[in-house]
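Chain A is already provided as a structure; the job is to place chain B on it using the hints.
The listed protein sequences derive, respectively, from chains A and B.
Mapping of the first sequence onto my numbering: position 128 corresponds to residue 128, and the numbering continues sequentially without gaps.
Mapping of the second sequence onto my numbering: position 293 corresponds to residue 1293, and the numbering continues sequentially without gaps.
A portion of the hints provided could be inaccurate.
[What the hints assert, rightly or not] Residues from chain B that keep clear of chain A, each with C-beta distances beyond 10 angstroms, as calculated: (1) Glu1082; (2) Met1097; (3) Gly1124; (4) Ile1126; (5) Glu1157; (6) Gly1170; (7) Lys1180; (8) Ser1210; (9) Gln1237; (10) Tyr1250; (11) Glu1279; (12) Glu1312; (13) Leu1318.
[Claimed, not checked] Partner residues aside, some chain A positions facing chain B, computed with beta carbon under 7 angstroms: (14) Ala62; (15) Gly63; (16) Pro66; (17) Gly67; (18) Gly69; (19) Val81; (20) Met340; (21) His347; (22) Glu368.
[Claimed, not checked] Here are the computed lysine-lysine pairs in the BS3-like style, where the Cα-Cα straight-line distance is at most 25 angstroms: (23) B:Lys1396 to A:Lys297; (24) A:Lys211 to A:Lys114; (25) A:Lys211 to A:Lys117; (26) A:Lys342 to A:Lys297; (27) B:Lys1397 to A:Lys297; (28) A:Lys100 to A:Lys243; (29) B:Lys1218 to B:Lys1114; (30) B:Lys1373 to A:Lys47; (31) A:Lys6 to A:Lys397; (32) B:Lys1373 to A:Lys373; (33) A:Lys342 to B:Lys1051; (34) B:Lys1015 to A:Lys342; (35) B:Lys1396 to B:Lys1243; (36) A:Lys293 to B:Lys1396; (37) B:Lys1397 to A:Lys180; (38) A:Lys373 to B:Lys1047; (39) A:Lys293 to A:Lys47; (40) B:Lys1324 to B:Lys1015.
Just so you know, the hints here were simulated from the structure itself, not pulled from any lab data.
Just so it is clear, CB atoms sit at the ideal spot from N, CA and C, and this is done for glycine as well.
As a plain string of letters, each chain reads:
Number of protein chains: 2
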Amino acid sequence: MLSVAKNLIIRSDRKIVLLVADGLGGLPRPSDGRTELEVAKTPNLDKLVSKGIIGLIEPIEAGISPGSGPAHLALFGYDPVEYELGRGVLEVLGLGMELKDGDIAIRGNFATIKDGKIIDRRAGRISTEENRRIISILKENIQRIEDVEIIWESGLEHRFALILRGPGLGDGVSDTDPQKEGLPPLPPEGRDAPSMKTARILSSIIERASKLLQNEEKANFILFRGISKKPDIPTFQDRYRMKALGLANYPMYRGLARLVGMDVPELGYEFERLIDYYEEHYDEYDFIFIHYKWTDKAGEDGDFERKVRYIEEVDSYLPRIISKNPDVFIFTGDHSTPAMWKGHSWHPVPVLIVAENAGVDDACRLTEREARKGYLGLRRSKEIMQIALALSGRLKKFGA
Amino acid sequence: MLSVAKNLIIRSDRKIVLLVADGLGGLPRPSDGRTELEVAKTPNLDKLVSKGIIGLIEPIEAGISPGSGPAHLALFGYDPVEYELGRGVLEVLGLGMELKDGDIAIRGNFATIKDGKIIDRRAGRISTEENRRIISILKENIQRIEDVEIIWESGLEHRFALILRGPGLGDGVSDTDPQKEGLPPLPPEGRDAPSMKTARILSSIIERASKLLQNEEKANFILFRGISKKPDIPTFQDRYRMKALGLANYPMYRGLARLVGMDVPELGYEFERLIDYYEEHYDEYDFIFIHYKWTDKAGEDGDFERKVRYIEEVDSYLPRIISKNPDVFIFTGDHSTPAMWKGHSWHPVPVLIVAENAGVDDACRLTEREARKGYLGLRRSKEIMQIALALSGRLKKFGA
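The shape of chain A in the complex, shown without the other chains (with noise of 0.2 angstroms):
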């Protein structure tokens, strides 16, 4: 958000929706050169884009291909590298762990050690069970060191989060992971007086574990990577002065929207059961986010007609969403996740806008191609919320 808006937000009580698919774009199949959004039979959305105005959106920079984190900030009207997302604060939010003004969010993995060097730096990918066995002698054993409480979290295999919670701490700590088998462990380094202390607290916790661990057959050590700070990230409430609601059935879109002040109910892995809870509570909120996440999965799996398949799905709850009468609904990706692709890419996302007032183009169809001719052009994804904001009327005039 550029400081002019900053200065002219204002109250009103219109209200925003917001609804990502998250990995929209894609990019033409070679059998008939048309895109998963070309293919897709999409009549509630269509008869939206009548209404609308259509464009594409760049979620970071030219080229750049985004994780969900820098993808979702964005979207929110937040500057996606002034509010850079550290790798263990992502982990963190990943896992569901709730994050509070400076905690220290760390990503860690269980590894194998042998005469001080470490042999295996992924302790063999222990099950996930075997993880969850392990982080609970951890968390009965390790609960708090000085005037620091610490909070564990199994992940899938080796792969484990935790916090460290207390006054004080800094995120300029260097990674204890060699990167290497056959190496020794790195002692985490503090580069100032706050960070000093993190690795103070982090030396303590890998020397306690290691003895709970010694006589672990694979996991017997801890590796720590990604130490990193809740960012300091103004709130929905203090920025756009809306009180805001996220619904998303995975723990990382959870704790994206927490992380910028919005509520957010955990309600399972049903996208419909987001729809429910969002037309019981509407009248709560100024602003909606819901994430609708199998678009992605889809993309990322290479399977173009199940990624058809799930656009196809969206498109059968926009019924129920646009029965609320927001005043401005918006539906775009987070990135475009091609399953010619097979993973997150740089591609422009098409995004829609229906407002009273939106503006004016030709467009029928949500596409790649049409939404090049649209009346949004071709944008930074930060720059849809401005225009949703003026759209609900929360935009004063800049200068007279």
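Then chain B, alone, in the frame of chain A:
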């Protein structure tokens, strides 16, 4: 390139070829309202356009007509404002002189002085032959001052260039050209210690040259302008981890390519020799830049028909370039030189990218009008390199 991309570069063996037709972009002629690219018959280009994606690029920013230096730096992915090239540096590159780290480059011109006042700032535009005779005198007699080597080179008519090569030289030195006849030459003044050293060397050169030239009828004095240092610019190797080849007929473009660390053979003034060399050495490089000069010359001359013929000539070379199957092929201009404008202009330049999974649009001709509707949209020239890096697998994901 933003700090974002800088930290995401990874090595890849996919190849990028950038073909620049200098001054490619044009404007419609009054007779039929068609531009140079619209009139030209370009069957080979048309085929590539159907497979690729197109758009428009702005070399610097809206309304800014660039010189060749910044326009090429932008295509090479460097911010042309951050890496501003001094006038001395461009002059020296244009004369084919090699610049080394720490070198000071200077534009010089011969002048006529009488009773301590400059009465002709161009020494009556002496002939280039005359210029060469005088420069050979200076070359022989002024080769070194203190620990600084002096390298002279003739330009056209009254123009020449020199390089100061030695330790601890600065470029914060004022011009000696008073810009007006009837005034005495200005003394070179340095604004910091290294620049004072440069100023001292230049004063000494002026003193010695004045004695050597005192019996010349017209060129009896020398003036210095655009005193500038070789910019501290990262090479392709360091910045992109690419081994790069630059192929150009004119010294200025070879100089620019050398500045960013490309290998630059001297192959004379026939374009075909560049293509021969390209074919022979294709396998040795990750990135190949090919420069075609004549489209710009025709535009500068206001010769619409000749520019059309040159565009058709470039088109005729495309099959040889493409037969090597580069993973990413880019065709564009460094800037527009519309015949109707008779000079470099600010008008956005059509650009084509051909690569697997590049994107989707309906374009079949690369023209100003069609490019406006292309998938790439309207962008800054410097963004094209980031997209090429992404398409060649050289950019990791940003964030998680």
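Now the hints, each set against the structure:
1. At roughly 15 angstroms, the least C-beta separation between Glu1082 of chain B and chain A is larger than 10 angstroms, which holds for a residue marked as non-interface.
2. Every CB of chain A is more than 10 angstroms from the CB of Met1097 of chain B (nearest about 34 angstroms), matching its label as outside the interface.
3. Annotated as non-interface, Gly1124 of chain B keeps its C-beta farther than 10 angstroms from every C-beta of chain A; the closest such distance is 51 angstroms.
4. The claim that Ile1126 of chain B is not at the interface with chain A holds, since no C-beta of that chain comes within 10 angstroms of its own (minimum 49 angstroms).
5. With a minimum CB-CB distance of about 43 angstroms to chain A, Glu1157 of chain B clears the 10 angstroms threshold, and the non-interface call stands.
6. Look at Gly1170 of chain B: its CB is around 34 angstroms from the nearest CB on chain A, clear of 10 angstroms, so calling it non-interface holds up.
7. With a closest Cβ-Cβ approach of about 42 angstroms to chain A, Lys1180 of chain B is found to remain outside the 10 angstroms limit, as its non-interface label requires.
8. Separation of Ser1210 of chain B from chain A is adequate, the least Cβ-Cβ distance of about 53 angstroms exceeding the 10 angstroms criterion.
9. The Cβ of Gln1237 of chain B sits about 19 angstroms from the closest Cβ of chain A, beyond the 10 angstroms cut-off, so the non-interface label holds.
10. Listed as outside the interface, Tyr1250 of chain B is consistent with that label: its C-beta sits roughly 29 angstroms from the nearest C-beta of chain A, beyond the 10 angstroms cut-off.
11. Every Cβ of chain A is farther than 10 angstroms from the Cβ of Glu1279 of chain B; the closest lies at roughly 29 angstroms, confirming the non-interface assignment.
12. No Cβ of chain A approaches the Cβ of Glu1312 of chain B within 10 angstroms, the least distance being about 29 angstroms, so the stated non-interface status holds.
13. With 10 angstroms as the threshold on Cβ separation, the claim that Leu1318 of chain B sits away from chain A holds: the shortest Cβ distance comes to roughly 22 angstroms.
14. Hint status for Ala62 of chain A: holds, given a least beta-carbon distance of 4 angstroms to chain B, under 7 angstroms.
15. Hint on Gly63 of chain A holds. Least Cβ distance to chain B is approximately 3 angstroms, under the 7 angstroms limit.
16. Contact between Pro66 of chain A and chain B, as hinted, is supported at the beta carbon level, the nearest pair being about 5 angstroms apart and thus within 7 angstroms.
17. Taking 7 angstroms as the C-beta contact cut-off toward chain B, the hint placing Gly67 of chain A at the interface holds, the least distance being around 4 angstroms.
18. Against a cut-off of 7 angstroms between C-beta atoms, the interface hint on Gly69 of chain A holds, since the closest Cβ of chain B lies about 5 angstroms away.
19. Taken as an interface hint, Val81 of chain A checks out: its beta carbon lies about 6 angstroms from the nearest beta carbon of chain B, inside 7 angstroms.
20. A distance limit of 7 angstroms between C-beta atoms decides the matter here; for Met340 of chain A the minimum to chain B is near 5 angstroms, and the interface restraint holds.
21. The restraint placing His347 of chain A at the interface with chain B holds, with a minimum CB-CB distance near 6 angstroms, inside the 7 angstroms limit.
22. Taking 7 angstroms as the C-beta contact cut-off toward chain B, the hint placing Glu368 of chain A at the interface holds, the least distance being around 5 angstroms.
23. Proximity of Lys1396 of chain B to Lys297 of chain A is assessed by CA-CA distance (about 19 angstroms); at most 25 angstroms being required, the pair is judged to hold.
24. Only pairs whose Cα atoms come within 25 angstroms are accepted, and Lys211 of chain A paired with Lys114 of chain A is accepted, the gap being roughly 14 angstroms.
25. Under the criterion of a C-alpha separation no larger than 25 angstroms, the hint pairing Lys211 of chain A with Lys117 of chain A is consistent with the structure, at around 16 angstroms.
26. About 9 angstroms separates the Cα atoms of Lys342 of chain A and Lys297 of chain A, which keeps this hinted pair within 25 angstroms; it holds.
27. Distance hint between Lys1397 of chain B and Lys297 of chain A is fulfilled; the C-alpha atoms sit about 17 angstroms from each other, no more than 25 angstroms.
28. Among the hinted pairs, Lys100 of chain A with Lys243 of chain A is consistent with the structure: their alpha-carbon atoms are about 19 angstroms apart, no more than 25 angstroms.
29. For the hint linking Lys1218 of chain B to Lys1114 of chain B, the alpha-carbon distance of about 10 angstroms falls within 25 angstroms, and the restraint holds.
30. Distance restraint check for Lys1373 of chain B and Lys47 of chain A: the Cα-Cα separation of roughly 24 angstroms lies within the 25 angstroms cut-off, and the hinted pair is therefore satisfied.
31. Under the criterion of a C-alpha separation no larger than 25 angstroms, the hint pairing Lys6 of chain A with Lys397 of chain A is consistent with the structure, at around 12 angstroms.
32. Proposed proximity of Lys1373 of chain B and Lys373 of chain A is supported: the alpha carbons are some 7 angstroms apart, at most 25 angstroms.
33. With a C-alpha separation of about 21 angstroms, the suggested pairing of Lys342 of chain A with Lys1051 of chain B holds against the 25 angstroms cut-off.
34. Pair hint Lys1015 of chain B plus Lys342 of chain A holds up; C-alpha atoms about 21 angstroms apart against a cutoff of 25 angstroms.
35. A threshold of 25 angstroms between alpha carbons decides the hint, and for Lys1396 of chain B with Lys1243 of chain B the separation of about 19 angstroms falls inside it, so the pair holds.
36. Between the alpha carbons of Lys293 of chain A and Lys1396 of chain B the distance comes to roughly 22 angstroms, so the proposed pair stays at or under 25 angstroms and holds.
37. With a C-alpha separation of about 22 angstroms, the suggested pair Lys1397 of chain B and Lys180 of chain A falls inside the 25 angstroms cut-off, and the hint holds.
38. Annotation: proposed proximity of Lys373 of chain A to Lys1047 of chain B holds, straight-line Cα distance about 23 angstroms (limit 25 angstroms).
39. With a C-alpha separation of about 23 angstroms, the suggested pair Lys293 of chain A and Lys47 of chain A falls inside the 25 angstroms cut-off, and the hint holds.
40. Straight-line distance between C-alpha atoms of Lys1324 of chain B and Lys1015 of chain B comes to about 10 angstroms, which keeps the hinted pair within the 25 angstroms bound.
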